[in-house]
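Student: Chains as they are written, first to last, in our numbering: chain A, 10 to 413; chain B, 1095 to 1256.
The hints are simulated quantities; they were obtained by calculation from the structure and are not laboratory data. Just so it is clear, CB atoms sit at the ideal spot from N, CA and C, and this is done for glycine as well. Among the hints, a few may not be true.
Simulated coverage check for chain A against chain B, where a stretch passes if three residues somewhere in it have a Cβ under 8 Å from a Cβ of chain B [stated by the list, open to error]:
| id | segment |
| --- | --- |
| 1 | 56-70 |
| 2 | 136-144 |
| 3 | 334-340 |
| 4 | 369-375 |
Simulated crosslink set (BS3-like; lysine-lysine; CA at most 25 Å straight-line) [what the hints assert, rightly or not]:
| id | chain 1 | residue 1 | chain 2 | residue 2 |
| --- | --- | --- | --- | --- |
| 5 | A | Lys343 | B | Lys1127 |
| 6 | A | Lys263 | B | Lys1175 |
| 7 | A | Lys72 | B | Lys1190 |
| 8 | A | Lys72 | A | Lys267 |
| 9 | B | Lys1127 | B | Lys1106 |
| 10 | B | Lys1238 | A | Lys343 |
| 11 | B | Lys1182 | B | Lys1132 |
| 12 | A | Lys72 | B | Lys1182 |
| 13 | B | Lys1105 | B | Lys1139 |
| 14 | A | Lys55 | A | Lys390 |
| 15 | B | Lys1160 | A | Lys368 |
| 16 | A | Lys107 | B | Lys1175 |
| 17 | A | Lys333 | A | Lys368 |
| 18 | A | Lys193 | A | Lys263 |
| 19 | B | Lys1190 | A | Lys267 |
| 20 | B | Lys1175 | B | Lys1103 |
| 21 | B | Lys1132 | B | Lys1103 |
| 22 | B | Lys1182 | A | Lys107 |
| 23 | A | Lys72 | B | Lys1160 |
| 24 | B | Lys1223 | A | Lys72 |
| 25 | A | Lys72 | B | Lys1105 |
| 26 | B | Lys1238 | A | Lys368 |
| 27 | B | Lys1132 | B | Lys1223 |
| 28 | A | Lys72 | B | Lys1175 |
| 29 | B | Lys1190 | B | Lys1127 |
| 30 | A | Lys333 | A | Lys343 |
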Amino acid sequence: MSSKAYDITEAKTTFGGAKEMILNFGPQHPSTHGVLRVILTLSGEKIVNAECVVGYLHRGVEKIAESRNYHSFIPYTDRLDYMAGMSNNLAYVMAVEKLAQIEVPERAQYLRTICAELSRIAGHIVCVGAAALDIGALTVLLYGFRDREMILDLFEMLCGSRMTVNYMRIGGVSYDATDAFLQKCLEFIDYFPQGLDEYEQLLTENRIWLKRTVDVGVISGQDAIDLGLGGPSLRASGVNRDLRRDEPYLVYDKLDFKVPLRENGDVFDRYIIRIWEMRESLKIIRQCLDKMPGGPFRTENSRFCLPPREKVKTDMESMINHFKQVMHGIEPPKGEVYFGLESPKGELGCYIISDGTGKPYRLKLRSPSFVNLESLNTMCKGGFIADVVAVIGSLDPVMGETDK
Amino acid sequence: MSDSAVITKIKKKFGNAIIDSHSFCGDDTIIVKKESLKEICTFLKNERDLDFDYLLDVCGVDYLPKEPRFEVVYHLHSINKRQRIRVKAPVADGEKVDSVTSLWATADWVERETYDMYGIEFEGHPDLKRIYMDDDWVGYPLRKDYPERGYKDEYQPFGEEE
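Build the full structure now, drawing on both the sequences and the hints.
Tutor: Structure representation (structure tokens):
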């Protein structure tokens, strides 16, 4: 938080000097996507400086992690980027798996890929819809939420909850996919291109939308790298970096997909990249559904992974394992790992230091929304005040993740 | 175990400044003296076949009661070479570390976060202040001697007594 409150008298005196004015934008503002506060220094309608103030939603999950065992931290990750809970779950459990060197069965890997891509679509829908809403195009958000509802229903079929999914487990996933889920999933990917066409009809060639987005909030590729921008926003500036292709995890190396790229780095490019990525995600999900093998959905490594529920009730050894893991926690080897994956917002990383006990000694989350917001000043400088909402919308910050 | 190509290259150039190195789970890590941190980072960024142009993260770790107490950890990535490295530097309580904001602009916020959570100060940072906690906050929340529930005050009746 840490920025002194600018009171009105200060603004008046500077305004009286006819040069600059300070405007407090947020934290309670409908288009800051949560509790983001931006202190704008204005000269007329032009922006001289845009200083972000974050921390209004800080809950200290890193501190919490130090007193929980490895299994019981998973639900906390749902609440970081609550628009794409699956990706957060995944980044954390994969970091633990890397640390303890756990092999994950193939079926679980395919299920994880499907979930990660579904949550990418859900996240991008909210981003595109909310960005359009902020600039005054309400319909896209309504259409978007209609389609997002289907994804949330799919998650509900899979694990019983819609947004705070808590689906991933160390060594696999919590439930197997039913045939009904796979059928519904197929129906969704058959339907969704139509939905995307509808968004595009409303926006892509809409003159008002183009006037509000083209050449607004431009950032060059070099600046974007320097400021650590990630995900679709980085690729919109012409930097070809996608961890799914560059450092394949899960089964991405067995799948055929393209990484969309644009050159201009303006708000429009960041929008269109997301639309294209959603189309690619559909392709990925279809391939996963085709190739999905049978077999177990969680590994039977009794040292690190919880045994299946039925076995806990019927088998003595499983019950002992379950008890030990829940009471003492799993004890991965001493050491430190970093694992990063491509979340809808950029590289979501998890850095774990283990001291060999049941709780992480230190857990650091590299949240993409937080780092992406650093570029807001560069994008807004020299632009108009009306464009600030367009730029924030195109960066897609989720404050739960920014503030941790 | 033999070192990876990146570590070998750095060791060759800065033999004395490297305290230790390892590649646990495939993550290349070097532990360096805090005095040469900035110099090594400059080398990592500018050397052509290392080319670490993307700073992922800066964070602190508290090893109470070990001495030196803290460690600052940098995660770097090279977009062209597709390689990663972790640079760590031990820092004693009250010591300052050179800021790397002049090399990577990303460092601005993440160094502020490290300062906010651990009280580690960065020399040469343009505007070092708290980022998550309030300006008048007392203490550094992620230090190991800071209670998980916080301290008891008028807003926090369930906190621990100081």
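Student: For every hint, state whether the structure bears it out.
Tutor: A quick look at each hint next to the structure:
1. 56-70: Holds: 4 residues of the segment 56-70 of chain A have a Cβ under 8 Å from chain B.
2. 136-144: The restraint on the segment 136-144 of chain A is violated, since only 0 of its residues have a Cβ under 8 Å from chain B and three are required.
3. 334-340: Check failed, 0 qualifying residues.
4. 369-375: holds (count 4)
5. A:Lys343 x B:Lys1127: Holds: Lys343 (chain A) and Lys1127 (chain B) sit about 23 Å apart, inside 25 Å.
6. A:Lys263 x B:Lys1175: holds (22 Å)
7. A:Lys72 x B:Lys1190: Holds. Lys72 (chain A) to Lys1190 (chain B) sits at ~23 Å (cutoff 25 Å).
8. A:Lys72 x A:Lys267: violated (39 Å)
9. B:Lys1127 x B:Lys1106: holds (15 Å)
10. B:Lys1238 x A:Lys343: Status holds; Cα separation ~19 Å.
11. B:Lys1182 x B:Lys1132: holds (12 Å)
12. A:Lys72 x B:Lys1182: With Cα atoms ~21 Å apart, Lys72 (chain A) and Lys1182 (chain B) stay inside 25 Å; holds.
13. B:Lys1105 x B:Lys1139: Measuring from Cα to Cα gives roughly 16 Å; hence the hint holds.
14. A:Lys55 x A:Lys390: Answer holds: Lys55 (chain A) to Lys390 (chain A) is near 8 Å, not above 25 Å.
15. B:Lys1160 x A:Lys368: At roughly 19 Å apart (the allowed maximum being 25 Å), Lys368 (chain A) and Lys1160 (chain B) satisfy the hint.
16. A:Lys107 x B:Lys1175: holds (22 Å)
17. A:Lys333 x A:Lys368: Holds, at roughly 14 Å.
18. A:Lys193 x A:Lys263: Judged against 25 Å, a Cα distance of about 23 Å means the pair holds.
19. B:Lys1190 x A:Lys267: violated (45 Å)
20. B:Lys1175 x B:Lys1103: holds (15 Å)
21. B:Lys1132 x B:Lys1103: holds (17 Å)
22. B:Lys1182 x A:Lys107: Between Lys1182 (chain B) and Lys107 (chain A) the Cα gap is close to 20 Å, so the pair holds against 25 Å.
23. A:Lys72 x B:Lys1160: holds (19 Å)
24. B:Lys1223 x A:Lys72: Holds. Lys1223 (chain B) to Lys72 (chain A) sits at ~20 Å (cutoff 25 Å).
25. A:Lys72 x B:Lys1105: violated (35 Å)
26. B:Lys1238 x A:Lys368: Answer holds: Lys1238 (chain B) to Lys368 (chain A) is near 14 Å, not above 25 Å.
27. B:Lys1132 x B:Lys1223: Holds, because 21 Å separates the two Cα atoms, which is no more than 25 Å.
28. A:Lys72 x B:Lys1175: violated (34 Å)
29. B:Lys1190 x B:Lys1127: holds (13 Å)
30. A:Lys333 x A:Lys343: holds (19 Å)
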